[in-house]
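Asker: Put the complex together from the two separate chains, hints included.
Chains A and B, in that order, give the protein sequences.
If you use the numbering used here, the first sequence corresponds to residues 1 to 261, in order.
If you use the numbering used here, the second sequence corresponds to residues 1 to 153, in order.
Please keep in mind that the hints were generated in silico from the structure rather than gathered at the bench.
Some hints could be false.
[Said to hold, decoys possible] Restraint ranges, calculated between C-beta atoms of paired labels, are given here:
1. B:100 with A:57: 38 to 46 Å
2. B:93 with A:141: 52 to 60 Å
3. A:63 with B:152: 43 to 51 Å
4. B:81 with A:38: 54 to 62 Å
Quick caveat, the model's predicted, so the values are computed rather than measured.
Here a beta-carbon is modelled for each residue, glycine too, at the ideal position from N, C-alpha and C.
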Amino acid sequence: MKTFNYHSTKDVKEATKLASSSSAFLAGGMTTLPSMKLGLASYKDIIDIKRIKKLSGIKVSGKTVTIGATTKHAEVAHSKEVKKAIPSLAALAEGIGDPQVRNRGTIGGSIANNDPSADYPSACIALNATIHTNNRKVSAEKFFTGMFETSLKKGELIEAVEFQVPEKSCYKKYPNPASRYAIVGVYVAKHKSAVNVAVTGAKSCVYNDENISGALSKSFSSSALDNVKISSSGMNSDVHASADYRANMVKIFAKKAVEAC
Amino acid sequence: MKKINLEVNGKKVSKEVADHTVLSVFLREVLNLTGTHVGCDTSQCGACVVHVDGKSIKSCTALAADLDGSKVTTIEGLVKNGKMHPMQEAFKKEHGLQCGFCTPGMVMSAIDLLNHKKNPSDKEIRDWLEGNICRCTGYQNIVAAVKEAATKM
Chain A
1 MKTFNYHSTK DVKEATKLAS SSSAFLAGGM TTLPSMKLGL ASYKDIIDIK
51 RIKKLSGIKV SGKTVTIGAT TKHAEVAHSK EVKKAIPSLA ALAEGIGDPQ
101 VRNRGTIGGS IANNDPSADY PSACIALNAT IHTNNRKVSA EKFFTGMFET
151 SLKKGELIEA VEFQVPEKSC YKKYPNPASR YAIVGVYVAK HKSAVNVAVT
201 GAKSCVYNDE NISGALSKSF SSSALDNVKI SSSGMNSDVH ASADYRANMV
251 KIFAKKAVEA C
Chain B
1 MKKINLEVNG KKVSKEVADH TVLSVFLREV LNLTGTHVGC DTSQCGACVV
51 HVDGKSIKSC TALAADLDGS KVTTIEGLVK NGKMHPMQEA FKKEHGLQCG
101 FCTPGMVMSA IDLLNHKKNP SDKEIRDWLE GNICRCTGYQ NIVAAVKEAA
151 TKM
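In isolation and in its complexed conformation, chain B is listed as follows (with noise of 0.2 Å):
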């Protein structure tokens, strides 16, 4: 076991651990963050995407033990004062999302998008989403969503 030291959505967390635990296992299991999805579970499918020191990352493929001291942003952390983040809206308001499962990936990859690049092409915003699968494939309208949330962030 090790004992961590994380903050996550802006609230310090201290957890014992197993060596072995995986960050989305943690988030999920041992916080309730449920918001973070896990999809493929080997890296691929993106549906656990969350941002780790203002990155995004994939936390089925990070040991919580490896985090120690690092700063955390699930799906859950986005509201603020009860108000969706703009990537939120745009996907609620361009039907970004079918069955949903994807989406908080998807969410926290494209913000990661944004915050670098203030304004990406269809291409770039389809370049950066490689590692987010949509199972539903409803692509066109999840990139309808990361250019109008462009507009607004």
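The following block holds chain A by itself, in its conformation from the complex (with noise of 0.2 Å):
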């Protein structure tokens, strides 16, 4: 690993304020260390955001569950708060990589990574999060641009993140046997207004199937999709599933969810 100076810090002011365009804001760390040792990425100055009080812990009202920016998989995956309003919020933070990642890793920079496969931003966009960040909050839909892209800008720091308790909900992933991220991931859920499906893992960028979330906003059962075709137009294609393998793992993947709500 290239050499970086390492900054711990104590505010989200302080921490903004050393942010550059060649700095990075370190949390769990589980993708950002990695890719430096692989030569992916490399930073003259890393910011550490742990130790940052506020940007930590789990709040519940009655229509949201508000998780902070640094709050790790294994937090949220055993919060007994999260289990009651959104179990399958704390289901997909206890089927994310493996024990040691979720002791580590953070829903923050989960989504400001935007990982084509992981489960997190599936999450944002079925249960209509919003991203709250040091100066302003966005939707979960405008948050997500593309491939390991956001709308974070630089030196944008996620303080928290805003899910909206939906009626029923369910997450389904058909997980890579070896890293455990999405070959296909849908989170189906049930709002009052009308029926989310987000997919992960399936295309460059998490999105909303809009096939599948219409079929289902007139009969909410796995049998409205029978006859709802996936293009397979648009979607991954590599060493572990083809496009059109991956087009048909949405559509049964979005059944189970729905099943299992």
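Answerer: Quick look at the structure:
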């Protein structure tokens, strides 16, 4: 790994003041550090935000669950409050990577990285999340802009993610057996006004499948998807799964998710 | 360089480290605690698992500078008064190792499991050891060892 200057920061102001075009914020480091070790990324300054108290913690109100950016996956997975309010969200966190990744990795880091196969971005889309940064609030829909791309500006820091509590929801994924990243993951959430079907792993960026959500809005049952056709156009095709296979898995995992809701 | 203060296996340690030193390198090359192994060095294989403040983490993917003030336990810290930890005894009894390279990480990871789940099922053990790879593929005996240890811990 190339050398850098490590800064441990105590508050958001200090952290954002240090940020530059050659810096990165460090939370769990579960992607940042391996990327740096592999030479895929290098930075002059690493700004550790783990010791900023206000960035960690879980708050549940009647209609929302707000999770601080540096809250670890294990904390979300084991939170009694999250399990009660949005059980599918706790289950998603429990399925990320392995126990050691869950003991270090954070929700803010996951969504800032926006890996096309990551789990949390699908939760943000399905649960109409609002991303709170140090200077604005962004809807999940506008936050994820492309492969490993978000609408975060240089030096902008995620502070928390606010999820809307759905009537019912479920996340089902077909994990890569080695990494546990989603080959395909489908997060179905039924809200009062609409049904969201967030798909991860299938394309270059998480998306809401409008064909499936449209069918489920009319009738919330797995049989409502029998005649829905999923196009493989724009789907990832790699050593793990072809585009056609992924398209088929999107439908199958959407059905599984609906059945388990 | 950063000055860090840690407690490693119950002993206070105060050292200067380069900012980009990862914990596995710090343990092995600065403290000479070579029981912690480095396999893939990309946080997949789990040979480098240690405990930080009671929780298992992969030491190849944590900066030493970022752990200032933490309590670290490595495989060397498990022996008490010359007696092996029940998990180590169980790995010996059940022959839960072949070449032994993955063993320190397996043992540290499995102890973390039993610390919060007293009698895990085979599935729970296998799910938990997701991040620990044994390239001898000796998983049957590793699972048997964790079950054996569960009766002693």
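Asker: Using the Cβ atoms, figure out if residue 93 (chain B) sits within 52 to 60 Å of residue 141 (chain A).
Answerer: holds, 56 Å
Asker: Using the beta carbons of residue 81 (chain B) and residue 38 (chain A), state whether their distance is inside 54 to 62 Å or not.
Answerer: Given a distance of about 43 Å, which is not inside 54 to 62 Å, the answer is violated.
Asker: For the range 38 to 46 Å, tell me whether the beta carbons of residue 100 (chain B) and residue 57 (chain A) fit it or not.
Answerer: Once the Cβ atoms are compared, 41 Å apart, the range 38 to 46 Å for residue 57 (chain A) and residue 100 (chain B) holds.
Asker: Between residue 63 (chain A) and residue 152 (chain B), is the Cβ distance one that fits in 43 to 51 Å?
Answerer: At 48 Å between Cβs, range holds.
Going through the hint list in order, the structure does not satisfy hint 4, though it satisfies all others.
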